[in-house]
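Peer 1: Under the numbering used here, the residues of the sequence shown are numbered 11 to 514, in order.
Simulated from the structure, these hints should not be mistaken for lab results. Treat the hints loosely; a few may be bogus.
[Unchecked claim] DEER-style ranges, computed between Cβ atoms:
#	residue 1	residue 2	range
1	476	450	20 to 30 Å
2	380	495	28 to 38 Å
3	486	395	31 to 41 Å
4	116	416	25 to 35 Å
[Unchecked claim] In silico DSS-like pairs for lysine-lysine, Cα to Cα no more than 25 Å straight-line:
#	residue 1	residue 2
5	398	446
6	465	429
7	357	488
8	171	220
9	446	488
10	451	465
11	221	177
12	177	187
13	12	45
14	306	12
15	372	465
16	252	217
17	200	336
18	200	293
19	220	200
20	200	283
21	178	234
22	200	217
23	217	190
24	378	499
25	293	283
26	187	200
For glycine and all other residues, C-beta sits at the position ideal for the given N, C-alpha and C.
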Amino acid sequence: MKAAIYCRVSTEGQEQDGTSLQTQLEACLKYCQVKGYEVKYQYSEAWSGLSLERPRLAELREAVRSQAIEAVVVYSLDRFSRDPVHGVILMQELEKNEVALEAATETVDNSEVGKLVFYIKGYAAKLDAERRRDATGRGKRALLKNGKMPQGTGVGIYGYKWDSTSKKRIPLAHESKVVKHMFEMAADGKSCFGIARTLNDNSVPSKTGKKWEARTVNRVLHNKAYTGITYFGRTTGKDHKKTNEDTWHVLTDVTPAIISQELFEQAQSALAKLRGLHSGKAKHEYPLTGFAVCGKCGSPLIGSCLRGNYRYYHCRGTYPTASRAKICDAHYIRADWLEEVVWDKVKSVLSQPELLLAEVGKQVENEKAHYSTGAMDKEIKELSRRLKGYAGQERRLMNVLRMDLATPDIVLDEMNLMKREREADQVRLNGLIQAKENLAKALEMQESIKELCAKVVPCLDNCSNAEKKDAYTYLDLKVSATPEGVSIKGYLDLNVLTTGQTWA
Numbered sequence: 011m012k013a014a015i016y017c018r019v020s021t022e023g024q025e026q027d028g029t030s031l032q033t034q035l036e037a038c039l040k041y042c043q044v045k046g047y048e049v050k051y052q053y054s055e056a057w058s059g060l061s062l063e064r065p066r067l068a069e070l071r072e073a074v075r076s077q078a079i080e081a082v083v084v085y086s087l088d089r090f091s092r093d094p095v096h097g098v099i100l101m102q103e104l105e106k107n108e109v110a111l112e113a114a115t116e117t118v119d120n121s122e123v124g125k126l127v128f129y130i131k132g133y134a135a136k137l138d139a140e141r142r143r144d145a146t147g148r149g150k151r152a153l154l155k156n157g158k159m160p161q162g163t164g165v166g167i168y169g170y171k172w173d174s175t176s177k178k179r180i181p182l183a184h185e186s187k188v189v190k191h192m193f194e195m196a197a198d199g200k201s202c203f204g205i206a207r208t209l210n211d212n213s214v215p216s217k218t219g220k221k222w223e224a225r226t227v228n229r230v231l232h233n234k235a236y237t238g239i240t241y242f243g244r245t246t247g248k249d250h251k252k253t254n255e256d257t258w259h260v261l262t263d264v265t266p267a268i269i270s271q272e273l274f275e276q277a278q279s280a281l282a283k284l285r286g287l288h289s290g291k292a293k294h295e296y297p298l299t300g301f302a303v304c305g306k307c308g309s310p311l312i313g314s315c316l317r318g319n320y321r322y323y324h325c326r327g328t329y330p331t332a333s334r335a336k337i338c339d340a341h342y343i344r345a346d347w348l349e350e351v352v353w354d355k356v357k358s359v360l361s362q363p364e365l366l367l368a369e370v371g372k373q374v375e376n377e378k379a380h381y382s383t384g385a386m387d388k389e390i391k392e393l394s395r396r397l398k399g400y401a402g403q404e405r406r407l408m409n410v411l412r413m414d415l416a417t418p419d420i421v422l423d424e425m426n427l428m429k430r431e432r433e434a435d436q437v438r439l440n441g442l443i444q445a446k447e448n449l450a451k452a453l454e455m456q457e458s459i460k461e462l463c464a465k466v467v468p469c470l471d472n473c474s475n476a477e478k479k480d481a482y483t484y485l486d487l488k489v490s491a492t493p494e495g496v497s498i499k500g501y502l503d504l505n506v507l508t509t510g511q512t513w514a
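Taking the hints into account, I'd like the entire structure generated from these sequences.
Peer 2: So, in structure tokens, the structure goes:
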């Protein structure tokens, strides 16, 4: 039998309870050996079991759907999923594709009662995860109160290692020297890009072992922790959303200084000067910047001037960055030619304002046909309310089961019915929200086109570059160009608006 092994640890406490990825893998391999299974795939990841959107799990599900395997082997069921609803979804997906679920440390009952037990275990695991999250939060607050740094399991900042016993950062000799050299280079006027190139050219790896990027260097150079000042709570959540500064915690005895405050300030001053040099007014204008991309690789086209007078657009991919070589060999594009081609096209559209307004009016009516504001706003509100209510229904069904007020079969049927209803409501809600957004976009575009016609149309023959850029913005223009040809698209079909006209 062809099998796939799936191992998972949460991102918190990855080696706890003897269930590290290596431990799980060894147990699953031994199980498959005993059962005589041929292991076709091995999937391991550090990801929350409360999420269904896991990268390696997605690969496993694809293998299941393609029927490349006949069994999925996990260390224990909670490694597969810790969310009861997600567990049911995964179980049904396996059942649909006739793939068995087996565990190395427990028996998996695939009967209806067994599926219910799996659901109950998932529900209990979810509650346990909530309790642990609350306990973790209380623990972090206690550490902060005592002036200690709550630290997760990440790699930490460059230049230090984390001492879990003292709850402090310990400087690493080699990395500390690199950090000091980075600040010295910055203080001497070298850019973040130049510093990254220097480090990469000298084969100095970043904290993750990868090449340095300019933005990574920039983060190091702006981090006050290297002067001995530590802030906790500047960001929150997995997406590292910034928090208000008044909620930050200042810790003075956590991070030993690698550089002096004086060197830090010298680096900041030099970086500010570099920003000032690049923020001055450009000698030449390039109105297609931000609207045009390379027709060969899709990288942005940026303006440049050769020998002081000849303006061109060139592909950003033809230049190396701090961490990669050039990725494109596209030739320069004459700016006057490209700007003329694009403006002639846009001008021909704007020269027929009645047709333009009629076309955007059609778009609005088309979107209104898919979304009736009053009734559908009310439906969105109702669907949102119903989706929030499913959690309460789930708890009530669990209580019915605990109190023996219904048989497991009846409760499982109700659970499956509720799951189907929830999925249908979510699909409907997503569709309504998308339709509402499309209508809002069409109405916004209609107002923009009206403003454009009033502002730009009267002076089409002598528009400034700023007015041309306004026109491109209003039309949501997207240009793809090479020296050989140009493709121009917008929110509206520009070719329909200029029937019979062609452009190269």
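Peer 1: With reference to the structure, classify each hint as holding or not holding.
Peer 2: Now the hints, each set against the structure:
1. 476 to 450: 20 to 30 Å: Holds - the Cβ-Cβ distance for residue 476 and residue 450, about 27 Å, lies within 20 to 30 Å.
2. 380 to 495: 28 to 38 Å: With Cβ atoms ~35 Å apart, the hint holds.
3. 486 to 395: 31 to 41 Å: For residue 486 and residue 395 the Cβ distance comes to about 35 Å; the hint holds.
4. 116 to 416: 25 to 35 Å: 26 Å, holds
5. 398 to 446: Holds, because 21 Å separates the two Cα atoms, which is no more than 25 Å.
6. 465 to 429: Distance ~53 Å between residue 465 and residue 429 Cα, so the pair is violated.
7. 357 to 488: The hint holds at about 15 Å.
8. 171 to 220: The given pair, whose Cα atoms are some 18 Å apart, holds under the 25 Å limit.
9. 446 to 488: 24 Å, holds
10. 451 to 465: Given pair residue 451, residue 465 holds - Cα atoms ~20 Å apart, limit 25 Å.
11. 221 to 177: 29 Å, violated
12. 177 to 187: 23 Å, holds
13. 12 to 45: Given that 25 Å is the threshold and the Cα spacing comes to 11 Å, the pair holds.
14. 306 to 12: Violated - the C-alpha atoms of residue 12 and residue 306 are around 43 Å apart, more than 25 Å.
15. 372 to 465: Holds, because 22 Å separates the two Cα atoms, which is no more than 25 Å.
16. 252 to 217: 22 Å, holds
17. 200 to 336: 22 Å, holds
18. 200 to 293: At roughly 24 Å apart (the allowed maximum being 25 Å), residue 293 and residue 200 satisfy the hint.
19. 220 to 200: 21 Å, holds
20. 200 to 283: Given that 25 Å is the threshold and the Cα spacing comes to 11 Å, the pair holds.
21. 178 to 234: Distance of about 16 Å is within 25 Å: holds.
22. 200 to 217: 21 Å, holds
23. 217 to 190: This hinted pair holds, its Cα atoms lying about 15 Å apart.
24. 378 to 499: Holds - the C-alpha atoms of residue 499 and residue 378 are around 23 Å apart, at most 25 Å.
25. 293 to 283: 19 Å, holds
26. 187 to 200: The hint holds at about 17 Å.
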